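Asker: Single-letter residue listing:
Number of protein chains: 2
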Amino acid sequence: MSVAEVVSRARCFGGEQRVLRHASAETGTEMRFAAYLPPQALAGAHVPVVWFLAGLTCTEENFTVKAGAQRVAAELGLLLVAPDTSPRGEGVPDDPEKAYDFGLGAGFYVDATQQPWARHYRMRSYIERELPALVAAELPADPARQGIMGHSMGGHGALTIALRDPGRFRAVSAFAPICSPMRCPWGEKALGGYLGPDRAGWRPYDATALIEDGARVADILVDQGGADGFLENQLMPELLEAACAKAGIPLTLRRQEGYDHSYFFIASFVEDHLRWHAARLKA
Amino acid sequence: MSVAEVVSRARCFGGEQRVLRHASAETGTEMRFAAYLPPQALAGAHVPVVWFLAGLTCTEENFTVKAGAQRVAAELGLLLVAPDTSPRGEGVPDDPEKAYDFGLGAGFYVDATQQPWARHYRMRSYIERELPALVAAELPADPARQGIMGHSMGGHGALTIALRDPGRFRAVSAFAPICSPMRCPWGEKALGGYLGPDRAGWRPYDATALIEDGARVADILVDQGGADGFLENQLMPELLEAACAKAGIPLTLRRQEGYDHSYFFIASFVEDHLRWHAARLKA
Numbered sequence: 018m019s020v021a022e023v024v025s026r027a028r029c030f031g032g033e034q035r036v037l038r039h040a041s042a043e044t045g046t047e048m049r050f051a052a053y054l055p056p057q058a059l060a061g062a063h064v065p066v067v068w069f070l071a072g073l074t075c076t077e078e079n080f081t082v083k084a085g086a087q088r089v090a091a092e093l094g095l096l097l098v099a100p101d102t103s104p105r106g107e108g109v110p111d112d113p114e115k116a117y118d119f120g121l122g123a124g125f126y127v128d129a130t131q132q133p134w135a136r137h138y139r140m141r142s143y144i145e146r147e148l149p150a151l152v153a154a155e156l157p158a159d160p161a162r163q164g165i166m167g168h169s170m171g172g173h174g175a176l177t178i179a180l181r182d183p184g185r186f187r188a189v190s191a192f193a194p195i196c197s198p199m200r201c202p203w204g205e206k207a208l209g210g211y212l213g214p215d216r217a218g219w220r221p222y223d224a225t226a227l228i229e230d231g232a233r234v235a236d237i238l239v240d241q242g243g244a245d246g247f248l249e250n251q252l253m254p255e256l257l258e259a260a261c262a263k264a265g266i267p268l269t270l271r272r273q274e275g276y277d278h279s280y281f282f283i284a285s286f287v288e289d290h291l292r293w294h295a296a297r298l299k300a
Numbered sequence: 018m019s020v021a022e023v024v025s026r027a028r029c030f031g032g033e034q035r036v037l038r039h040a041s042a043e044t045g046t047e048m049r050f051a052a053y054l055p056p057q058a059l060a061g062a063h064v065p066v067v068w069f070l071a072g073l074t075c076t077e078e079n080f081t082v083k084a085g086a087q088r089v090a091a092e093l094g095l096l097l098v099a100p101d102t103s104p105r106g107e108g109v110p111d112d113p114e115k116a117y118d119f120g121l122g123a124g125f126y127v128d129a130t131q132q133p134w135a136r137h138y139r140m141r142s143y144i145e146r147e148l149p150a151l152v153a154a155e156l157p158a159d160p161a162r163q164g165i166m167g168h169s170m171g172g173h174g175a176l177t178i179a180l181r182d183p184g185r186f187r188a189v190s191a192f193a194p195i196c197s198p199m200r201c202p203w204g205e206k207a208l209g210g211y212l213g214p215d216r217a218g219w220r221p222y223d224a225t226a227l228i229e230d231g232a233r234v235a236d237i238l239v240d241q242g243g244a245d246g247f248l249e250n251q252l253m254p255e256l257l258e259a260a261c262a263k264a265g266i267p268l269t270l271r272r273q274e275g276y277d278h279s280y281f282f283i284a285s286f287v288e289d290h291l292r293w294h295a296a297r298l299k300a
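Residue numbers (the working numbering), protein chains in the order written: chain R, 18 to 300; chain V, 18 to 300.
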């Protein structure tokens, strides 16, 4: 019997776009995620997996319907998994002022230690352990070949998860990631709220700090829009760039002139990212 | 001074995705539409235009964010225009029971003659005359090279508008169009409601009836999902197929096995449609 139930399925570029739901032990809620099975997987192959972690306010739906990634995944034979960005449902606390950058839709890919967040806000363990086990058990995925990417808060998630467990991922990339949450308003609010005031405990959740503290990956691809309104105060790719340079991590940081923070930006470059992942997953 | 005001703009595949709004004399409301300007247009060229008419419940947004058409339009140098599907705003009457298939989001591309619809529900004249004049005046469009496509209710719109004015359009295609509104529940409700009980007055709003009555276009491309839940009772491509065969109109009707009625279906085949249009617009 499957743990995950199929909410919807639709043929797409010869493959199948599914939305699934399951009871999560980590978050103590029902969680949804989207999975695109390329034609090769429908034909019986176990294929490489690319994870996409979304940004603030998003669910499993945004990337799935807006990025146009299925076309390229179908060509390359990649299974795409797009999780939700926080626990949801009755009993899950939200930001007291319903702010968009904390609480629902803003799990920040951390395991919260503070009340009232600690019970449900366990997105780190959910993304790192529970959901990968479910994907490996119930979808035609090859767990030995995984890549991870994300956008904004999800770019932060992708980078930090890969840096903490480089053996699991052969490829990592990000669109407009929050490069150092410890040093920007979004991150300080989220990490302070979920983890408390001791900033030493924030470092495993900060890509730049992780690299400064010795974490390594083989290489990183980052696209950053030059007209992104969050560039200077929240994203700060120059911090990641400096840390990678010092650590000797090859970072391909592409500043895309005129592009903003939207999915129109992601759609424009997602093909490059998927080819980056495929080259490393199939090597 | 421009008549249309830019609501948003985002760089996308080297071009620019805009949403615009303007006061419509036809509908007596503010109307929104989306326009994608390919890189060639940003560089100063006046480029061919492809219209996309959306289906029930949609706005200018659905095709714009879900179809992935900008990538191909950028390559081919096509300006994409996606209008809204009905008037909206204070004073615009809606279906008394707020049904999804009549009133707001369901203008059916007709000029209503019945009360209380006749004042605002003038989507035929809006799409055929007012918006094309505005696009020609304010965007880098070449009005001599226009194509039109649509989905479901918008497929009906594209086919009927092209059949009534074949001189204006060099190409027409549709995704899962309502092929004969006079003979399906969606169409009978809409045409009866907007136009009254005299079915003779419905024929200009029925692609199959228009062809039976002598209307002609050079050729038509239609994609229809084989797993579309509306296929048998609402869409009925076999009626269009029979009319085209009798009239000698070359119809390329592709039954796409396993595909449903969603934008995952549209995204999978929009490249074929845009290439179909480009081949005829650039001939």
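Derived from the structure by calculation, the hints contain no laboratory data. Everything numeric in this text was worked out from a predicted model, so none of it was measured. Some hints here could point you the wrong way.
[Unchecked claim] In silico lysine-lysine, DSSO-like type, Cα no more than 30 Å apart, as pairs:
id, chain 1, residue 1, chain 2, residue 2
1, V, 83, V, 206
2, R, 83, R, 263
3, R, 299, R, 83
4, R, 206, R, 299
5, V, 115, R, 83
6, R, 115, V, 206
7, V, 83, V, 299
8, V, 83, R, 83
9, V, 115, V, 83
[Said to hold, decoys possible] Below, a sample of chain R positions facing chain V; criterion: calculated Cβ distance under 10 Å:
id, residue
10, 26
11, 76
12, 82
13, 83
14, 91
15, 247
Ideal Cβ positions, reconstructed from N, Cα and C, are used throughout, including at glycine.
Asker: Each hint: holds or not?
Answerer: Consistency of the hints with the structure:
Distance restraint check for residue 83 of chain V and residue 206 of chain V: the Cα-Cα separation of roughly 28 Å lies within the 30 Å cut-off, and the hinted pair is therefore satisfied. For the proposed pair residue 83 of chain R and residue 263 of chain R, the alpha carbon gap of about 36 Å is over 30 Å, so the pair is violated. At roughly 26 Å between alpha-carbon atoms, residue 299 of chain R and residue 83 of chain R fall within 30 Å of each other, so this suggested pair holds. A hinted pair counts as satisfied when its Cα atoms are at most 30 Å apart, and residue 206 of chain R with residue 299 of chain R does not qualify at roughly 39 Å.
The hinted pair formed by residue 115 of chain V and residue 83 of chain R meets the criterion: a straight-line CA distance of about 28 Å does not exceed 30 Å. About 42 Å separates the Cα atoms of residue 115 of chain R and residue 206 of chain V, which puts this hinted pair outside 30 Å; it is violated. The hinted pair formed by residue 83 of chain V and residue 299 of chain V meets the criterion: a straight-line CA distance of about 26 Å does not exceed 30 Å. A distance of roughly 5 Å separates the Cα atoms of residue 83 of chain V and residue 83 of chain R; the hinted pair therefore holds under the 30 Å criterion.
Annotation: proposed proximity of residue 115 of chain V to residue 83 of chain V holds, straight-line Cα distance about 25 Å (limit 30 Å). Taking 10 Å as the C-beta cut-off, the interface hint given for residue 26 of chain R holds, the closest approach to chain V being about 9 Å. Contact between residue 76 of chain R and chain V, as hinted, is not supported at the beta carbon level, the nearest pair being about 15 Å apart and thus beyond 10 Å. Among the interface hints, the one on residue 82 of chain R holds; its C-beta lies about 5 Å from the nearest C-beta in chain V, closer than the 10 Å criterion.
For residue 83 of chain R, the interface hint holds, the least distance from its beta-carbon to any beta-carbon of chain V being 5 Å, beneath 10 Å. Because the smallest distance between the Cβ of residue 91 of chain R and any Cβ of chain V comes to about 9 Å, under 10 Å, the interface hint for this residue holds. Violation of the interface hint for residue 247 of chain R is found here, the shortest Cβ-Cβ separation to chain V being roughly 14 Å, above the 10 Å cut-off.
The structure shown violates the earlier hints numbered 2, 4, 6, 11, 15.
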